[in-house]
Amino acid sequence: MNVDHEPFMRRCLELATVARDRGDTPVGSVVVLDDAIIGEGVEALPTGPSITGHAETLACQAALDATGRRDLAGSILYTTAEPCFMCAYAIRQLRIGIVVYGIDTPIIGAVTSAHPILTDPVLDRWRPAPTVIGGVLREECERLMAR
Numbered sequence: 166m167n168v169d170h171e172p173f174m175r176r177c178l179e180l181a182t183v184a185r186d187r188g189d190t191p192v193g194s195v196v197v198l199d200d201a202i203i204g205e206g207v208e209a210l211p212t213g214p215s216i217t218g219h220a221e222t223l224a225c226q227a228a229l230d231a232t233g234r235r236d237l238a239g240s241i242l243y244t245t246a247e248p249c250f251m252c253a254y255a256i257r258q259l260r261i262g263i264v265v266y267g268i269d270t271p272i273i274g275a276v277t278s279a280h281p282i283l284t285d286p287v288l289d290r291w292r293p294a295p296t297v298i299g300g301v302l303r304e305e306c307e308r309l310m311a312r
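Be aware that the sequence shown starts at 166, since it is given in my numbering, and climbs by one per residue.
Honestly, the hints are just simulated from the structure, not real lab data.
Just so you know, these numbers come straight off a predicted model, no measurement behind them.
Errors might be hidden in some of the hints.
[To be verified] Taking CB as the label site, the calculated pair distances span:
| hint | residue 1 | residue 2 | range |
| --- | --- | --- | --- |
| 1 | Arg308 | Arg235 | 14 to 22 Å |
| 2 | Pro211 | Glu307 | 33 to 41 Å |
| 3 | Gly188 | Thr217 | 23 to 31 Å |
| 4 | Arg292 | Ala201 | 32 to 40 Å |
| 5 | Val168 | Arg234 | 19 to 27 Å |
| 6 | Pro286 | Pro214 | 34 to 42 Å |
| 7 | Ala201 | Val287 | 30 to 38 Å |
| 8 | Arg312 | Asn167 | 31 to 39 Å |
Backbone N, C-alpha and C fix where the C-beta goes; we use that ideal spot for every residue, glycine too.
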């Protein structure tokens, strides 16, 4: 599979800008299936009504709603920041095949922290780990997060 990740990451940056402009953490996420965006998420924390209002979970729910599916097998999740532990659970539960992100979040990140549950092979007995590609448009994501 030869996918150009940049256009989808640029859409994530646009969504992250929306979050930042309304006072939330600047994270944006999209779910892509067959080269089309099927779900988008704009971070809704800290101003949103739900603690689960992370861009990734919102994008996944939008994708499920749009497709009527119970999982997202075969899809790619893009996000400006490395998914956290909560989002990693959802990603694995939904069988997302590839995760692409911009910046590392080593304290609570599910790839680069001391608890890499997104990629931990022990959990493959439950759900397989996705392929993870980090650092896509890293500098742009870092600049947005720093504002």
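Each hint tested on the structure:
At about 38 Å, the CB distance of Arg308 to Arg235 disagrees with the hint of 14 to 22 Å. Checked against the hint of 33 to 41 Å, the C-beta distance between Pro211 and Glu307 comes to roughly 21 Å, which is inconsistent with it. Checked against the given bound of 23 to 31 Å, the beta carbons of Gly188 and Thr217, roughly 18 Å apart, lie outside it. Take Arg292 and Ala201: their Cβ atoms lie about 24 Å apart, and the range 32 to 40 Å is violated.
Range check, Val168 to Arg234: about 20 Å between beta-carbon atoms, so the 19 to 27 Å window is met. Here the CB-CB span from Pro286 to Pro214 is close to 36 Å, well matched to the stated 34 to 42 Å. Against the hinted window of 30 to 38 Å, the Cβ-Cβ separation of Ala201 and Val287 comes to about 34 Å, which satisfies the hint. At about 33 Å, the beta-carbon gap between Arg312 and Asn167 stays in the expected band of 31 to 39 Å.
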